[in-house]
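Chains as they are written, first to last, in our numbering: chain Y, 16 to 344; chain L, 2 to 568.
Hint data in this document are derived by calculation from the structure and do not stem from the laboratory.
Treat the hints with caution; some may be incorrect.
Restraint-style ranges between C-beta atoms, simulated for each label pair [claimed, not checked]:
1. L/228 x Y/202: 35 to 45 Å
2. Y/175 x L/188: 45 to 55 Å
3. Y/328 x L/397: 42 to 52 Å
4. Y/86 x L/188: 29 to 39 Å
5. Y/174 x L/500: 56 to 66 Å
6. Y/91 x L/500: 53 to 63 Å
7. Y/163 x L/344: 56 to 66 Å
8. Y/180 x L/566: 26 to 36 Å
9. Y/162 x L/188: 51 to 61 Å
10. L/119 x Y/202: 23 to 33 Å
11. L/228 x Y/182: 38 to 48 Å
12. Y/171 x L/398: 17 to 27 Å
13. L/343 x Y/110: 19 to 29 Å
14. Y/180 x L/88: 42 to 52 Å
Simulated crosslink set (DSS-like; lysine-lysine; CA at most 30 Å straight-line) [what the hints assert, rightly or not]:
15. L/322 x L/364
16. L/208 x L/186
17. L/514 x L/412
18. L/362 x Y/55
19. L/490 x Y/55
20. L/491 x L/343
21. L/343 x L/208
22. L/322 x Y/55
23. Y/55 x L/147
24. L/193 x Y/55
25. L/362 x L/417
26. Y/55 x L/343
27. L/568 x L/272
28. L/514 x L/357
29. L/382 x L/501
30. L/110 x L/151
31. L/382 x L/357
32. L/343 x L/267
33. L/491 x Y/55
34. Y/55 x L/436
35. L/267 x Y/55
36. Y/55 x L/208
Don't be surprised by glycine CBs; every beta carbon is placed ideally from N, CA and C.
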Amino acid sequence: MRFYLQKIAFYVVALWAAVTLNFLIPRLMPGNPVDIMISKMAAAGQPITAGTRHALAIELGGSSGSILQQYGDYIVNLLHGNLGISLTNYPEQVTTVIGQALPWTIALVGLATVISFILGIGLGMLAGWKRGSWLDNLIPVTTMFQAVPYFWLALILVLVLTRVVPIFPFAGGYDVTSTTPGFSLSFIGSAIYYGFLPALTIVISSIGGWMLGMRNMMVSTLSEDYIVTAEAKGLNPRRVRMTYAARNAVLPSLSGFAISLGFVVAGSIVTEQVFSYPGIGQLLFTAVSNDDYALMQGVFLVISLSVLAANLVVDVLYGLIDPRTRARS
Amino acid sequence: MSPRSTRRRLGVALVAVAAAATLALSGCSSNSTSTSSSGTTSITMFTGQVGNFTENFNPLNNTGAYLPQTNGAIYEPLFYYNKARAGKPVPLLGTSYSWNSDGTQLTVKVRQGVKWSNGKPETADDVVYSLNLISNNAALNTSGVKWVAKKTADDTVVITFPTTSFTLEPQVLGNEPIVPESIWKKISDPTKVTNTEPVGTGPYMLKSFTPQSYVLEKNPHYWGTGASAPKVDQVRTISLANADAATSALQAGKTDYMGAFLPTLKNIMAKNKNLSYSNSPQATTALFTCENAALGCTGPQTDVAVRQAMYYAMDRTQLDKQAAAGFSAPASPSLVLNTVNKAQITSPKYMEVPQKANVAKAKKLLEADGWKLGSNGYYAKDGQELDLSINVVSGWTDYDTICQLLQGQFKAAGIKLTVNQMAQNAWTQSESTGKFQMSMNSVNMGVSSDPYFQYNNYLSTSATAPVGQPAKSTNTSRYSNPSVDAAIKKLATTNDDSVKQAAYKTIQDQIVKDMPYVPVYVNSALAEYNNTRATGWPTQSNQYAFPLPWGGNWGMGIVLKTIRPVK
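Isolated chain Y, as found in the complex (with noise of 0.2 Å):
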């Protein structure tokens, strides 16, 4: 119990510190939301006099009193779930712009990430049982993969895969013109369809690290005594090397995977570029370019409270999994 309470204890602190940053950090950054909103109203030539900006400070509101006023003030709306109005989508709350956002950054990232882990672990477990197979020689070809520039890696799979052969589409979510948002089949088809090519760029570009990762721990687990002990018991080598081996080596990556998890909703900003993917990466590419200070709060603390969740859940499991964690020294 002791365990736990102390987990619990340690997460309200990094939620408190995450929460205050998430408070300060765009406070920190230049330029001000009306200076941005004239110049893109000047841009598309729209009449600026002085009474534009005297408008746009009334109809914008903006924050007013001191600094611990602010603070103040965000803390209680942050308790009842307001995190405010969003200014590019004004008056739309940043809640709804967000809600709106991140199912598509959850759904793709997230499954690609879980069968990047998957895939990943399964072949390294292989390698790494049979050393010098030809599951060995996948390892180099896939940190060349990594190691790419990710972009690169994308801008190349869009290339052939939609213009030069056109078996994907190259941009969206799904398609607008035959479908609508919802369960149906035709509307979950469509949006593995268009969600495939970005998810595959994903695996290939991160399978590498888990396949490396658990064959090198597989490696130096098999050498263990108790694995020499149970092959000498005469344990059926599948059993010795799913419970007795991998369940060990595994361990380290799970850790690595729980961080990764957390990272899904920030959602890749690249992969939306490339993809014109509608997810969470393009509303912060958004937010911050508009200084959108609401929009960036909410979806950092977003982030955070994801990352945070996510650890605190791998802790708790990484308890029941390896029962040494729990025992007192």
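Given chain Y, put chain L in place with the hints provided.
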């Protein structure tokens, strides 16, 4: 749980996923190319928006957060002012208008028989309501002038201004949406609604909305007939992340109407015969200089000879070719467009900036002002080297290219140029508050093609502020010249063309001499069209409306009702 069962389950799951994926693939690839269902004609637009759309059809919103078709396609103003060419405003909900002699009363004849998209009649009362709604709401009234509209007959509305207000004409008649009183009077704060069920008088109305695409359909109650009635049944809007995706979409025939700068446009057009484009250069790209030492500017650019030398040291042919892919148009030192505003340029000398560099002249100007060429190839005066810095937004590739090329071109004239690439926020802020030497930006047209707007917004003392405070309008150069101020004031208070012409001459004589903004070229504004599903798009020679599908461009509505489906 035994390891064996785990593995088996995993295997089954993988097979299931693979099967689902193949099914989905085979199922979708067959219908992904299908166009609209038979019978309805449809086009697809890309308006430059990235990510998810937020449902907002509030035409009164100043922040530009409404979806671009709101103003133009769904809501209409009284008249349409075409910025792409000079000419009389096009009557929409108004049919004619006249000013009284001192410019304080504007009488508008209102079109009769117009209906809202919900079938209810639109009347002069709605016009009065809409105009007063804006005038009385400080958050909506961007002009800062309070007018009063009154109905004097069923088809007549008189708008009274506190002072002479000829220059407000395009704003009031051409930039204020007319909204139904019956709906908007129930809304307590018109700035804070998203108006997701828009009811307007425009040629199109909302059919369906999802965050990734929305569809407008023909308004069955539209007042226009024949050529001015909408003919394409549906208009769909999609979002794409960047110019690469836009290029792909255009070539793949996935968009019919978009406005994006595509450097390879000529190539794309040559390869795809069904595509066409138009270029409506509007914004004069210029080196904005913080020129006024009296208001706190510092640096060599406060010296008029330096600004003049830069004007002559530029090789604009090279800039056009390499930064604008040959799509820019020659600028005029008068800062107005020599295409649209040719009649208002008062001297043939002000018609066009020199296209080739004249290094000898630039050097002569500097030497006459006391600058001495140093051994390192750069000029200096009183121990200070002629070293200028220019701010540019990193990622605005055309501007970044201009700055890099200028470094070389200015070096030949003995001027050292340092380029500061910065984020847009920082760039906007330093320019607005005057904390810069030079800034790469553009002089934009106002709400109509009347040069008054450029001159008032970029040159008048009332549009600027001392360094350290944000400029009240866009006069970030801190330019302040009493004779220019007087001439701008004259422009605002007269409707007499000969008086206006004299004022233009005063202003142009002064700014060509003072050069607060050093013009480079008139930036391209490219719109691309696909002619397979619809024709009648604007062409280079027939720009019946300013075509770029941007929010706030009422011309988009004119384009959408003019095009016709290909049978």
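Hints, one by one, checked against the model:
1. L/228 x Y/202: 35 to 45 Å: holds, 40 Å
2. Y/175 x L/188: 45 to 55 Å: Since residue 175 of chain Y and residue 188 of chain L have Cβ atoms about 52 Å apart, the given range 45 to 55 Å holds.
3. Y/328 x L/397: 42 to 52 Å: Given range 42 to 52 Å: holds, Cβ gap about 43 Å.
4. Y/86 x L/188: 29 to 39 Å: For residue 188 of chain L against residue 86 of chain Y, whose Cβ atoms are near 33 Å apart, the range 29 to 39 Å holds.
5. Y/174 x L/500: 56 to 66 Å: Because 60 Å falls inside the window, the suggested range holds.
6. Y/91 x L/500: 53 to 63 Å: For residue 500 of chain L against residue 91 of chain Y, whose Cβ atoms are near 59 Å apart, the range 53 to 63 Å holds.
7. Y/163 x L/344: 56 to 66 Å: holds, 58 Å
8. Y/180 x L/566: 26 to 36 Å: holds, 32 Å
9. Y/162 x L/188: 51 to 61 Å: holds, 57 Å
10. L/119 x Y/202: 23 to 33 Å: For residue 119 of chain L and residue 202 of chain Y the Cβ distance comes to about 31 Å; the hint holds.
11. L/228 x Y/182: 38 to 48 Å: At roughly 43 Å between Cβ atoms, residue 182 of chain Y and residue 228 of chain L fall inside 38 to 48 Å, so the hint holds.
12. Y/171 x L/398: 17 to 27 Å: Since the Cβ atoms of residue 171 of chain Y and residue 398 of chain L sit about 21 Å apart, the hinted range of 17 to 27 Å holds.
13. L/343 x Y/110: 19 to 29 Å: violated, 52 Å
14. Y/180 x L/88: 42 to 52 Å: holds, 49 Å
15. L/322 x L/364: holds, 25 Å
16. L/208 x L/186: holds, 24 Å
17. L/514 x L/412: holds, 23 Å
18. L/362 x Y/55: violated, 37 Å
19. L/490 x Y/55: holds, 26 Å
20. L/491 x L/343: Cα-Cα ~20 Å, so holds.
21. L/343 x L/208: violated, 43 Å
22. L/322 x Y/55: holds, 26 Å
23. Y/55 x L/147: Holds, because 25 Å separates the two Cα atoms, which is no more than 30 Å.
24. L/193 x Y/55: Cα-Cα ~20 Å, so holds.
25. L/362 x L/417: The hint holds at about 17 Å.
26. Y/55 x L/343: Holds, at roughly 27 Å.
27. L/568 x L/272: holds, 24 Å
28. L/514 x L/357: holds, 19 Å
29. L/382 x L/501: Given that 30 Å is the threshold and the Cα spacing comes to 41 Å, the pair is violated.
30. L/110 x L/151: holds, 12 Å
31. L/382 x L/357: Within the cut-off at roughly 27 Å; holds.
32. L/343 x L/267: holds, 28 Å
33. L/491 x Y/55: holds, 29 Å
34. Y/55 x L/436: holds, 20 Å
35. L/267 x Y/55: holds, 28 Å
36. Y/55 x L/208: Holds, because 29 Å separates the two Cα atoms, which is no more than 30 Å.
In terms of the numbered hints stated before, the structure departs from hints 13, 18, 21 and 29, listed from lowest to highest.
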